[in-house]
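S.K.: Protein chains in written order, with my numbering: chain H, 1 to 114; chain L, 1 to 115.
Please note that the accuracy of each hint is not assured.
[To be verified] Per label pair, the in silico range of CB-to-CB distance:
| no. | chain 1 | residue 1 | chain 2 | residue 2 | range |
| --- | --- | --- | --- | --- | --- |
| 1 | L | Arg41 | H | Glu76 | 24 to 30 Å |
| 2 | L | Lys68 | H | Ala53 | 38 to 44 Å |
| 3 | H | Glu16 | L | Val12 | 39 to 45 Å |
| 4 | L | Glu14 | H | Gly78 | 47 to 53 Å |
| 5 | H | Thr5 | L | Thr38 | 14 to 20 Å |
| 6 | L | Arg85 | H | Tyr39 | 25 to 31 Å |
| 7 | H | Glu16 | L | Glu62 | 45 to 51 Å |
[Claimed, not checked] Calculated lysine to aspartate or glutamate pairs in the DMTMM-like style (CA-CA distance at most 20 Å, straight line):
| no. | chain 1 | residue 1 | chain 2 | residue 2 |
| --- | --- | --- | --- | --- |
| 8 | L | Lys103 | H | Glu15 |
| 9 | H | Lys56 | H | Glu69 |
| 10 | L | Lys68 | L | Asp57 |
| 11 | L | Lys78 | L | Glu14 |
| 12 | H | Lys77 | H | Glu15 |
| 13 | H | Lys68 | H | Asp54 |
| 14 | L | Lys78 | L | Glu11 |
| 15 | L | Lys103 | H | Glu42 |
| 16 | L | Lys78 | L | Asp57 |
| 17 | L | Lys24 | H | Asp2 |
| 18 | H | Lys56 | H | Asp94 |
| 19 | H | Lys60 | H | Asp84 |
| 20 | L | Lys103 | H | Asp2 |
| 21 | L | Lys78 | L | Asp56 |
| 22 | L | Lys24 | H | Glu42 |
| 23 | L | Lys103 | H | Glu69 |
| 24 | H | Lys60 | H | Glu76 |
| 25 | H | Lys56 | H | Glu76 |
[Claimed, not checked] Computed far set for chain L versus chain H, every beta-carbon distance over 10 Å:
| no. | residue |
| --- | --- |
| 26 | Pro8 |
| 27 | Met15 |
| 28 | Pro81 |
| 29 | Ala93 |
| 30 | Ser108 |
By construction, these hints were calculated from the structure, which means they are not laboratory data. Glycine included, each C-beta is placed from N, C-alpha and C at the ideal position.
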Amino acid sequence: GDSVTQMEGPVTLSEEAFLTINCTYTATGYPSLFWYVQYPGEGLQLLLKATKADDKGSNKGFEATYRKETTSFHLEKGSVQVSDSAVYFCALSDQYSSASKIIFGSGTRLSIRP
Amino acid sequence: DAGVIQSPRHEVTEMGQEVTLRCKPISGHNSLFWYRQTMMRGLELLIYFNNNVPIDDSGMPEDRFSAKMPNASFSTLKIQPSEPRDSAVYFCASSLLLGTNEKLFFGSGTQLSVL
Chain H
1 GDSVTQMEGP
11 VTLSEEAFLT
21 INCTYTATGY
31 PSLFWYVQYP
41 GEGLQLLLKA
51 TKADDKGSNK
61 GFEATYRKET
71 TSFHLEKGSV
81 QVSDSAVYFC
91 ALSDQYSSAS
101 KIIFGSGTRL
111 SIRP
Chain L
1 DAGVIQSPRH
11 EVTEMGQEVT
21 LRCKPISGHN
31 SLFWYRQTMM
41 RGLELLIYFN
51 NNVPIDDSGM
61 PEDRFSAKMP
71 NASFSTLKIQ
81 PSEPRDSAVY
91 FCASSLLLGT
101 NEKLFFGSGT
111 QLSVL
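Extracted from the complex, chain H is given alone in its bound form:
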């Protein structure tokens, strides 16, 4: 079945450092790919998405490119801030399902030091 694998955390970086969180997927169809973020004490929020190969999703300085050849959707940010500390989830949705569900990875906890 469809699945998402993302790098284990926690990831700890200093402010202004470059961030990469790896995500790879397995899917039989042509999924849409997502990154969700969960701040402490809150539910998940959509951060960005890409719906087809070579699409780049971006939001709040974060970017991820849909790479079909490597089945990857790595999250990057050039300069992280303390406020980016959260748990990040990679996810996929099979767009050809009549009532599709979103499958999440295990989450990567990110901590940014001032």
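For chain H, the structure is supplied; the task is to place chain L on it using the hints.
M.R.: For chain L alone, coordinates are given in the frame of chain H:
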């Protein structure tokens, strides 16, 4: 828009008791999802509904768990009897299926502690 509303925010109960978690999805959304989040297992999909009909309940761990959606604006997740291993954060999410534009909106979750 009020977003997805879950209640209670926190629930502490004793083993063997019945627990009912409630969810009000965003008005107009036609899909509703129940997730469970734990440190050990991450975010697990328990069940989801489309137009109030359960589509996939393969993630429901045991017969002790049941979920209903009597109308488009309300859903419940019930655990009877509850056990300490059910302690987790339970999230409800809703969406409006728009093909590739699908996006989930999450509630703030219910923190369940079973003693």
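S.K.: So, for every hint listed, does it hold in this structure?
M.R.: Cross-check of the supplied hints:
no.	hint	in the structure
1	Arg41/L <-> Glu76/H: 24 to 30 Å	holds (27 Å)
2	Lys68/L <-> Ala53/H: 38 to 44 Å	holds (40 Å)
3	Glu16/H <-> Val12/L: 39 to 45 Å	holds (42 Å)
4	Glu14/L <-> Gly78/H: 47 to 53 Å	holds (50 Å)
5	Thr5/H <-> Thr38/L: 14 to 20 Å	holds (18 Å)
6	Arg85/L <-> Tyr39/H: 25 to 31 Å	holds (27 Å)
7	Glu16/H <-> Glu62/L: 45 to 51 Å	holds (48 Å)
8	Lys103/L <-> Glu15/H	violated (30 Å)
9	Lys56/H <-> Glu69/H	holds (15 Å)
10	Lys68/L <-> Asp57/L	holds (11 Å)
11	Lys78/L <-> Glu14/L	holds (15 Å)
12	Lys77/H <-> Glu15/H	holds (11 Å)
13	Lys68/H <-> Asp54/H	holds (7 Å)
14	Lys78/L <-> Glu11/L	holds (13 Å)
15	Lys103/L <-> Glu42/H	holds (17 Å)
16	Lys78/L <-> Asp57/L	holds (13 Å)
17	Lys24/L <-> Asp2/H	violated (29 Å)
18	Lys56/H <-> Asp94/H	holds (18 Å)
19	Lys60/H <-> Asp84/H	holds (10 Å)
20	Lys103/L <-> Asp2/H	holds (18 Å)
21	Lys78/L <-> Asp56/L	holds (17 Å)
22	Lys24/L <-> Glu42/H	holds (16 Å)
23	Lys103/L <-> Glu69/H	violated (25 Å)
24	Lys60/H <-> Glu76/H	holds (11 Å)
25	Lys56/H <-> Glu76/H	holds (11 Å)
26	Pro8	holds (15 Å)
27	Met15	holds (26 Å)
28	Pro81	holds (27 Å)
29	Ala93	violated (7 Å)
30	Ser108	violated (5 Å)
Violated hints for the displayed structure, listed by number in ascending order: 8, 17, 23, 29 and 30.
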